[in-house]
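Those sequence lines, one after another, are chains A and B. Every letter in the first sequence is one number past the one before it in this note's numbering, and letter 48, counting from 1, is 66. Every letter in the second sequence is one number past the one before it in this note's numbering, and letter 39, counting from 1, is 57.
Keep in mind that the hints were calculated from the coordinates and are not lab data. Check each hint, because a few of them may be wrong.
Heads up, the list lumps identical chains together, so a pair's fine if it works in one copy or across two of them.
With a straight-line Cα cutoff of 16 Å, these simulated EDC-like cross-link-like pairs (lysine to aspartate or glutamate) come out [what the hints assert, rightly or not]:
| id | residue 1 | residue 2 |
| --- | --- | --- |
| 1 | Lys33 | Asp71 |
| 2 | Lys33 | Glu97 |
| 3 | Lys33 | Asp76 |
| 4 | Lys63 | Asp76 |
| 5 | Lys33 | Asp98 |
| 6 | Lys63 | Asp98 |
Being a predicted model, the structure only gives us computed values, none of them experimental.
Protein chains: 2
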Amino acid sequence: MSAGVTRVVVDVMLKPEILDPQGQAVLNALPRLGVSGIVGVRQGKRFELELADGVALDGAVLARVEHLASTLLANPVIEDYVVRVEDASAAGA
Amino acid sequence: MSAGVTRVVVDVMLKPEILDPQGQAVLNALPRLGVSGIVGVRQGKRFELELADGVALDGAVLARVEHLASTLLANPVIEDYVVRVEDASAAGA
């Protein structure tokens, strides 16, 4: 995305006590790839929300995203989520 | 995860020029939820890799994770990935 775009990131991960078969599958594949030293893998989702031009990143917007995260992006019964603002200039790749 | 665990995070997102139907579905749902001000949504994957105790987080380990990311976690033809070390103490939720 171009510089100057304000991006809010929502990371959604299964709660630690919930079984994560996708992460387990990755973990099981590591020895076959000759990779050691990794004892746990969890797989989750990452959402990048791009705000419209002129929308200031204030508490109201973050509250809206927080509400979205808890109702649409994550299932709070089995998932934890974190909302954070990504510094667009820091995103290299 | 408990404090002191070293965690490496790999974020995998579809390249910007690749169509993202999951993100589009989320975007299309926003007006129905009464949310405005968001003009773009991209959905990707987040992997949390937990290193074994005593494995120092040096360049060799990061190179190994980088290799994993490009061969197992992401498809570099259509996806971008970012490898980063997460400060365990900073992870609140």
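Review point. Which hints, by number, does the structure contradict?
Key: 1, 3, 4
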